[in-house]
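Undergrad: Sequence:
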Amino acid sequence: MIEARVFSITTSIFFSPRILTRPVSRLQPAATRSAVAMSTTTSKSQEEFDSIFKQKRIVRSTVRKSLKAMDPSLRTQQDDAIQNTVLEAPWFKSCRGLCAYISCKSLNEVDTSKILSKILQHPDPNTVAEKKLYVPWVEDKNSNMRMLHISHMDDLIANSMNILEPAPVDAQGNEREDVLQTEEPVDLFILPGLAFDRCGRRLGRGGGYYDTFLKRYQDRAKEKGWSNPLKVALSYSPQILEDGSIPVTPNDVLIDALVTPSGVLPISPRAIERSLYLETKLRSLCLLALEGCILDFDNSASVSNIAQLMFVLYSFRMFLNNEI
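Counting the sequence shown from 1 gives a position; our numbering is that position plus 1076.
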């Protein structure tokens, strides 16, 4: 069952006591009134942001402890389930270009090695669409990150934090293609995060790299007249929090869908509409096939009829569980 959820952001408004106890006189010059109003707004906004950042730190600390305490065997099971779901999803199979993160074990991120290996194994173009992959390269400590094209896992090297990333130039000394400079759009973003909720809120690790990059790509897509890529995040069970428990600012970018060990959770209207379309299409196909099986079964109850019926029902169930 797919439930459309309404995004709700609760914001607390803080007023400065000093301003409230010293009202502005009507006789004050306009410039003075403007300066006082600006001071009030700035003070209020700063208090709001300070409160949000404090809440984010608390949530991060809680989730980090939960991830650290996660049983290794359970983590492996969930890694496999999440990656298999991505690899079988229609939006992954059909995409021609994507940006994906390279998982880091020390950060307790959902593993993406199987996904990346599948993309880079250069499949037969007659059977599977070949994909162009871009992965993160941290440019500096000011939240600037680029997504650079790679063709092989050997293109990756460990940085100072022992996180794999591409060198900005390849073995031949040529600059790698930057997704923000290419003339072709990508279809999909596979994103990491520390915590998520079912309203699409994503809590990163505090650097602001992904939110900054996503906003830049949105500007690029708008400039070029492209559709925005589907933003899909990967999450272990302990990372999924109650709706509204993740504080957000205007700079935080919401995700479209969340892949969990249980399957895909569509969140945005775009993702829900896509899921409903796929579900309706397959329902119609399955019902037609099922009707044909039942008619054949009524005419001649055979082992092949029963096997065909069971296959249709199994395929339908797998679609509802994994493909949406």
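Hints were generated in silico from the structure; no laboratory data involved. Some hints here could point you the wrong way.
[Said to hold, decoys possible] Derived lysine to any residue pairs resembling SDA-like cross-links, with alpha carbons at most 25 Å apart:
1) K1291 x D1230
2) K1300 x P1326
3) K1291 x L1256
4) K1208 x K1144
5) K1181 x S1170
6) K1298 x S1313
7) K1132 x P1314
8) K1300 x L1240
9) K1144 x K1190
10) K1190 x K1132
11) K1130 x S1313
12) K1169 x M1237
13) K1194 x K1300
14) K1298 x E1349
15) K1194 x D1216
16) K1169 x R1346
17) K1298 x I1233
18) K1181 x E1260
19) K1132 x K1298
20) K1300 x E1253
21) K1291 x K1194
22) K1291 x R1172
[Unchecked claim] Restraint-style ranges between C-beta atoms, simulated for each label pair:
23) N1238 x G1284: 15 to 25 Å
24) R1346 x E1318: 17 to 27 Å
25) S1137 x E1260: 36 to 46 Å
26) H1228 x R1172: 12 to 22 Å
27) T1138 x G1301: 37 to 47 Å
28) S1321 x E1206: 36 to 46 Å
It should be emphasised that the depicted structure is a prediction, and the values quoted were computed from it without experimental measurement. For each residue, glycine too, the CB sits at the ideal point set by N, CA and C.
Undergrad: Honestly, which of those hints from before does the structure not fit?
TA: 1, 4, 5, 6, 8, 10, 12, 13, 15, 17, 18, 19 and 21
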